[in-house]
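Chemist: Model the full structure from these sequences, guided by the hints.
Here the sequence shown stands for residues -23 to -1, 1 to 562, where the numbers follow mature numbering (1 follows the signal peptide of the UniProt record, and there is no 0).
Calculated from the structure, these hints are not laboratory results.
Remember, predicted model here, so these are calculated numbers, not experimental data.
Treat each hint with caution, since some may be false.
[As the list claims (entries may be wrong)] Each computed EDC-like pair below joins lysine to aspartate or glutamate, with the alpha-carbon atoms no more than 16 Å apart: (1) 110 to 66; (2) 112 to 90; (3) 132 to 90; (4) 75 to 25; (5) 74 to 100; (6) 322 to 359; (7) 225 to 145; (8) 71 to 124; (9) 71 to 90; (10) 226 to 318; (11) 365 to 430; (12) 365 to 327; (13) 132 to 82; (14) 226 to 393; (15) 74 to 41; (16) 64 to 352; (17) 365 to 311; (18) 493 to 32; (19) 112 to 211; (20) 179 to 100; (21) 365 to 308; (22) 112 to 159; (23) 428 to 413; (24) 226 to 298; (25) 75 to 90; (26) 374 to 329; (27) 450 to 430; (28) 374 to 331; (29) 322 to 352; (30) 74 to 126.
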Amino acid sequence: MNKKKILVPALLAMIAAPTTSLAAEDVNKYPEHSNGDNFTISVHGRYDSGAGLDEGGAEILDYDSNTQRVFVVNGADQSLDILTIGKGEGKGLKLHKKIMLSNIDLGTFQPGDLTSVSVHPTEPYVAVAIPNKQKTDNGVIAFFTTDGDFIDYEKAGALPDMVTFTPDGSQLLVANEGEPDDTYSTDPEGSITLMDVTEGVKNRTVDTLNFTSLTEEQIDEDVRIYSPGASPAEDFEPEYIQVTPDGKKAYVSLQENNAVAELSLVDKEVNHIHGLGFKDHSLEGNGIDASNTSSSINIQPAPVLGMHQPDGIALFSMEGENYVLTPNEGDARDYDGFSEEVRIKDLIADPDREIHLDASYYEGYSQKELDQMVEDGLWNDDQLGRLKVTSTMGQSKDGSYQALYSYGSRSFSVYETDDFSRIYDSGNEFENVTSEMLPEHFNASNDSNEKKDRSDDKGPEPETATTGVINGKTYAFIGLERQGGIMVYNVDEPEHPQFVTYFTTRDFSAEDGSVKGDSGPEGFKFIAGDQSPTGKPLLLVSHEVTGTTVAYELSESFPFASFEPAQGLFSTFQSYLKKNVFKHQ
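Modeler: Okay, here's the thing in structure tokens:
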């Protein structure tokens, strides 16, 4: 008898009656959506900072495998929260110690907040980024033991936003964002601080890399440099850093500039600024839902070019080659002194601005088709009228807009690092999956359950990502800042990543419409099984909006062992049958 045939009725029964490995009360809160890979997720523990909604109670985190402690930046309390991961009867996340920013002796320095934390890979200390109260002035990096005792501090650049150690722990890198003040009268240069800690944190040496000496040849043509009167050095705003395994190179996201900087850590210089190009949403497979006024979900091609604009980035290696993975969030400069953000309908309403779309910018439409779309109401609110775009790009010499550029591309991309060419983009898969799984809360914001609330902005807003190896397979985890939840892809073939599952522990069921569960994933840390207190891989996620930190336990097993059926799952189930059952008959 063919054993594969015996599985069919059993699988059909699972669609009708869920079986789970989670407690029954958790299953309804944590629906999952699978695509045939033997991958399951369960909640090992959760810590609630008690900060309340949208107060930043859990922002960025890191993990120390020696003490098995989690270090979480708590913006609400202005503290560094140290958590422990329990196992067995004591499983879960518990607060071990809280380090208050107000209790740290930083001399005459006036701290504004905490923004990032990084654990040294071999030594028992952590680094914490602390911007100045006046954000355009230089910030500092504070050092603590892994038990929370203050060691020392060192000056960094303006608005230190991210810290990370090289894999061997010899250097600490700091991304100094250098944002302007709200009036745009002061705009400090963005920079990278390099601290050599080879001889110990007390004997560190410090260098600063900036962008002042770059030539035109070192900056790709499609890099955005557009702030009023700003030099490239002032316009570039470093956000996030990833270092290659050999510690020789680093890649830094420049979100507003739609670019990634490549650094040589050997020569201590900026090598190149790679432009990330634009996503043609007019093509099939690249569609978006662009309106928050229409009641129906309408993911379709549109004459818009998406600026990828990643914030957090990830780096992984495969067969000796390095790849950069970008969650394409998008971000606008929106200050009192300068704002680029505008709705398309407001461009139309401005007598000094006109839109005359040029088909040469879009592969998906002819000029005749574009003109007909405009005649048929393309600029209405239920189509593209409410979509936010930049006013700084797409204009011809006469000032009319020939192309429209929106923020983010609602996807993730993979780049080769040899020439920084894009070899993969997930298209409109994020919105397709969430529209099937959460049709009543599709494109909700992270502080509201209202359907399509973010469709006219940046959709689900993929913001951060990490990768990890489970049973020899490399997975990418991409967090959706607005929609909530995490997309999981197998990236063993970097040119052809495979969607595995989407899961969320956000709870949309509250009758009063309040946000429950875990919303606004901000910081990720993958823990391999041999470094984990449980002996199994964990994904630690800090959720900025709900102020919660969650430890997800990851494993490979039978695909539907811990999944609650949800709308749209049957098509996925059919895919599984075709892939794993019928092909054997």
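Chemist: Going straight from one Cα to the other, do residue 365 and residue 327 come out at no more than 16 Å?
Modeler: holds, 15 Å
Chemist: What's the verdict on residue 112 and residue 159, does the C-alpha distance respect the 16 Å limit or exceed it?
Modeler: holds, 10 Å
Chemist: Given the hinted pair residue 75 and residue 25, is their Cα-Cα distance within 16 Å?
Modeler: Roughly 13 Å separates the two Cα atoms, so the pair holds.
Chemist: Verify the proposed pairing of residue 226 with residue 298, using a straight-line Cα cut of 16 Å.
Modeler: Holds. Residue 226 to residue 298 sits at ~13 Å (cutoff 16 Å).
Chemist: Residue 225 and residue 145 were given as a pair; does the straight-line alpha-carbon distance stay at or below 16 Å?
Modeler: holds, 11 Å
Chemist: Holds or violated: residue 365 and residue 430, Cα atoms, limit 16 Å.
Modeler: The given pair, whose Cα atoms are some 13 Å apart, holds under the 16 Å limit.
Chemist: If you draw a straight line from the CA of residue 322 to the CA of residue 352, is it 16 Å or shorter?
Modeler: Cα-Cα ~14 Å, so holds.
Chemist: Can you confirm whether the C-alpha distance between residue 322 and residue 359 stays at or below 16 Å?
Modeler: Cα-Cα ~11 Å, so holds.
Chemist: Taken at face value, is the distance from the CA of residue 329 to the CA of residue 374 at most 16 Å?
Modeler: Cα-Cα ~13 Å, so holds.
Chemist: For the pair supplied as a hint, residue 75 and residue 90, confirm whether the alpha-carbon distance does not exceed 16 Å.
Modeler: Holds, at about 15 Å.
Chemist: Does residue 211 lie within 16 Å of residue 112 when you go C-alpha to C-alpha?
Modeler: holds, 14 Å
Chemist: Holds or violated: are the alpha carbons of residue 74 and residue 126 at most 16 Å from each other?
Modeler: Satisfied, since the Cα-Cα distance of roughly 10 Å is no more than 16 Å.
Against the hints set out earlier in the document, violations occur for numbers 1, 5, 9, 10, 16, 27.
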